[in-house]
Amino acid sequence: MARLLWSLGTLLVLVGVMAHLFGWDAVLWIPEAVLDALRADPRTCGVILAGAVLMLVARIISRRG
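Going by full-length UniProt numbering, the sequence shown opens with residue 1, and the numbers climb by one from there.
To be clear, the hints were calculated from the coordinates, so they are not data collected in a lab.
All values derive from a computational prediction rather than experimental measurement.
It cannot be assumed that every hint is accurate.
Label pairs and their in silico Cβ distance ranges [to be verified]: (1) 41 <-> 7: 25 to 31 Å; (2) 64 <-> 33: 31 to 37 Å; (3) 46 <-> 15: 23 to 29 Å; (4) 34 <-> 10: 17 to 23 Å; (5) 41 <-> 64: 34 to 40 Å; (6) 25 <-> 2: 31 to 37 Å; (7) 32 <-> 64: 22 to 28 Å.
Beta carbons: idealized from backbone N, C-alpha and C, even for Gly.
Full structure from sequences and hints, please.
Structure representation (structure tokens):
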């Protein structure tokens, strides 16, 4: 749990620094681009999502073993 909180904190610091350097408009452009890509080709995004889920499951299994 501590590792997850550390990673989340690191991500928030990174987003804050990027927002300071480039502005919130540039930082918020990234999620909009992802949503646009999802609308343009949902099958490709589905394949990517399935791959990410498999990677997550593999990580969980490796921690238990």
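Does 23 to 29 Å hold as the CB distance between residue 46 and residue 15, or does it fail? Holds - the Cβ-Cβ distance for residue 46 and residue 15, about 26 Å, lies within 23 to 29 Å.
Indicate whether the distance between the beta carbons of residue 25 and residue 2 respects the range 31 to 37 Å. The hinted range 31 to 37 Å holds for residue 25 and residue 2, with Cβ atoms some 34 Å apart.
Does the Cβ distance between residue 34 and residue 10 fall inside 17 to 23 Å? Given about 20 Å between the Cβ atoms, the range holds.
Take a look at whether the Cβ-Cβ distance between residue 41 and residue 64 falls inside 34 to 40 Å. 35 Å, holds
Range hint compliance [Cβ, residue 64 to residue 33, 31 to 37 Å]: 36 Å, holds
Is it true that the C-beta distance of residue 32 to residue 64 lies inside 22 to 28 Å, as the hint says? This hint is violated: roughly 37 Å between Cβ atoms.
Just to be sure I understand the hint, the distance between the Cβ atoms of residue 41 and residue 7 should be within 25 to 31 Å; is that true here? 29 Å, holds
Of the numbered hints given earlier, the model fails hint 7 alone.
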